[in-house]
Amino acid sequence: MFTNIKASIKTSIKKIWKNIRRLSGDDAYEQYIQHYAEAHANSEGSAVESNSGPLSREAFFKEWQDKKWKGIKRCC
Amino acid sequence: MTVSLDLYSYLKAVNLTIDCFILLKNSESFNMNKNFKIILWLAVALLGATAISVIAFHRGESISAMWFITAAACVYAIAYRFYAAWIAATVLVVDETRATPAERLDNGRDFVPTNKWVVFGHHFAAIAGPGPLVGPTLAAQFGYLPGTLWILIGAVLGGAVQDMVTLFFSTRRNARSLGQMARDEIGPIGGLAAMIGTFLIMIILIAVLGLVVVNAMKHSPWATSTVAATIPIAMLIGFYMRSFRPGRVLEASALGVILLLLAVVGGGWIDHHAGLRILFDHEGLPLAFAVIAYGFAAAVVPVWLLLAPRDYLSTYMKIGTITLLAVAIIILQPHVHMPALTQFTDGTGPIFGGKLFPFVFITIACGAISGFHALIASGTTPKLLGNERDICMIGYGAMLLESFVAIMAMIAATVLEPGVFFAINSPAGVVGKEAIDAIAKINSWGFAVSVEQMNQLAKDMGESTLFARTGGAPSLAVGMASIFGNAFGKGLLALWYHFAIMFEAIFILTTLDAGTRVGRFMLQDMLGNIWPKMGQTSWWPSVFLTSGLVVAGWGYFLYIGVIDPNGGVNILWPLFGIANQMLAAIALCVATGILVKSGKLKYAWITALPLVWLVTITSTAAWQKIFSDDIRVGFFAAANDMSAKLAAGVLPPEKAAVAPQLIFNQNLDAYLTLFFVAVLWIVIFDMLRVIYRYLAGKPLLPLTEIAHERSQLESGTLVEDWVRD
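Top line first, the protein sequences correspond to chains U and L.
Going letter by letter, the first sequence gives residues 28 to 103 in our numbering.
Going letter by letter, the second sequence gives residues 380 to 1104 in our numbering.
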């Protein structure tokens, strides 16, 4: 009983933490790598990236941030 | 007995409602499941109606803020459960089997199907800026009632509907922006109007927000040094996320938040340090130039250095502080001291001129209905939306939360004694420069306040004076400080006050950074049509020129706002309100046009009704701002009055020196207002033309909805997929 509650608390904290990471963009790179692996598993992928492999963490983050602020992202 | 009568009656009402359904739940004759739900919703309706009638008909000394919270919660719950759900199911007919653009165009970067709570978080963080905090504070000059009712009704029937339908239509159109949808569905004129409207609203918005920050920092070394410290802190965090630990957003943000809190404490230390405090003790004008220079720098440096880290910090501050405020209000249950209605409903108010109708509806834009949201709901949020089923919760729900923020701002403003509220918010040009004159004037309106009381309050808050601190931020900060102080310890009032100022300033500056940059991109885009090289976002001459133009645009209005003895907010805020409501009207025009074209004429009232209301208030307000003889309302009247006084030589020398600029500005504002209304009516006629052609069976632009494609993400699994692993 007690371990059950403990386990469920643990999983819900994990879930919340995961949501927070997702919300803040903390896991954006992991997301990208996962998407990259899936997209390239059975197709040749996009021309730019297929030759050079996935972007480095630093390069990805730079691009991700630049792109994020090109449009209207904040309001009154 | 410390429990006041109305808190007692409040508890009684809540108790009665609870008793009621415990009784009914236990009675056997009910089919538990279904009937219990009906009873529950009836109880919510009853409680809501009780709370609203208490707010509306209360005419006593003070009223518990819990009535406001209860009224809001009940109104939102009913609107969300019934109206929003009905719109989603019957009018829009959301289809959870249909693949969204995020799924079809998934590229792992901007198009990513995302957990609905995460999308909700992004959407809310994007739509909720400083607007819902400032507007209600200013509108409190009419009393608490008009603003509160408009925030509730406007949000559930107007703002939330606009956000939700825009999100839906954009989702069905590959996440196209409002401007693109206007062009595709109504015609090129609508598209152009939306673009120009967006650009101008941005200029005015930044100017007025800049003015709010300047007024909060004026002669306040504590506030100025704290706000200044946010810049190096943001840059430090930028470096951290960029070079030291790339992409570690959370740890960098945590570090930043700690540094910000230290900056608030450090500001207090600077304020007590005779040598350092003079470095940060400035008049409005140098502060305005500092903000303008900062705005230019922020627009040209890379986003990672300033904008992105500042945005992280402001988002956490915003969510944290608003949660804290909600908790404090619920714990403390403060009392609202402002009367339900003041005599200023007749248009003589000190904060801004103009009657209750239409100006309360112009002053409170964000929080009730905000056209700006349509820009987020189209283009940005649909790229993340995993399933159409969540449109109701994200589009409608996030706006309800923003409306709730506005209600809390209204509470924070009205818990102040009305005399104190007016002493803080009335510009020197209206009540006089000297404290004694201001107090005499405010007392003559029937609001009790004394010089000693204001001096003591300023001392408690760690400020040299709180007279004529217009713009809404200082009075909101005093309100928040007294709520926080009472709920979490009274000894730290000055710290809470400057925390609140820092909290407002940091996300005002984020809006300023982001807005200037977006303005720059829009301008580069427009100029790129004429000379393609100007359209290159990384070509330095173009970057400097367009950033300079955008900053000059809002910098001009900010400068005029600062030199205006009537405080500038009086002019700029209504202009911003008209512009924002105009954009909302354009969004509702597009939505109404699409509804009719989709064969849903009989449901088109869901957007047409708020549209008619917005057009009425925007046109009336614009008409009055242009043609009113009242010099505190009409732009031309004010310009002519000042010209006459200048010519007659009756102006004091310091006023005469700035009079020509103020006269020019009043005339400019009048033409700008005229332009806004003209744009609005052009879009309306364009929309009516489309509707007429549809009804008459004439050819018109086809619907641009993307064909149905079945979702591969099994319904409901998206969420759990990544939560489980």
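Hints were generated in silico from the structure; no laboratory data involved.
Be careful, since some hints might not be right.
Pairs of lysine-lysine residues, derived as DSS-like cross-links and limited to a Cα-Cα distance of at most 27 Å, are as follows [what the hints assert, rightly or not]: (1) L:K495 x U:K45; (2) U:K97 x L:K413; (3) L:K869 x L:K820.
Distance windows between CB atoms, simulated [what the hints assert, rightly or not]: (4) U:Q61 x L:I709: 39 to 45 Å; (5) U:I40 x L:G870: 48 to 54 Å; (6) U:F29 x L:F436: 51 to 57 Å; (7) U:W44 x L:G439: 44 to 50 Å; (8) L:M614 x U:S83: 20 to 26 Å.
In this text, all values refer to a predicted model and were calculated from it rather than measured experimentally.
Yeah, the Cβ is synthetic: ideal placement off N, Cα and C, and Gly gets one too.
Going down the list of hints, with the structure as the test:
{"no.": "1", "hint": "L:K495 x U:K45", "in the structure": "holds (13 Å)"}
{"no.": "2", "hint": "U:K97 x L:K413", "in the structure": "violated (49 Å)"}
{"no.": "3", "hint": "L:K869 x L:K820", "in the structure": "violated (31 Å)"}
{"no.": "4", "hint": "U:Q61 x L:I709: 39 to 45 Å", "in the structure": "holds (41 Å)"}
{"no.": "5", "hint": "U:I40 x L:G870: 48 to 54 Å", "in the structure": "violated (34 Å)"}
{"no.": "6", "hint": "U:F29 x L:F436: 51 to 57 Å", "in the structure": "holds (53 Å)"}
{"no.": "7", "hint": "U:W44 x L:G439: 44 to 50 Å", "in the structure": "holds (48 Å)"}
{"no.": "8", "hint": "L:M614 x U:S83: 20 to 26 Å", "in the structure": "holds (23 Å)"}
Comparing the model with each earlier hint shows violations of hints 2, 3, 5; every other hint is respected.
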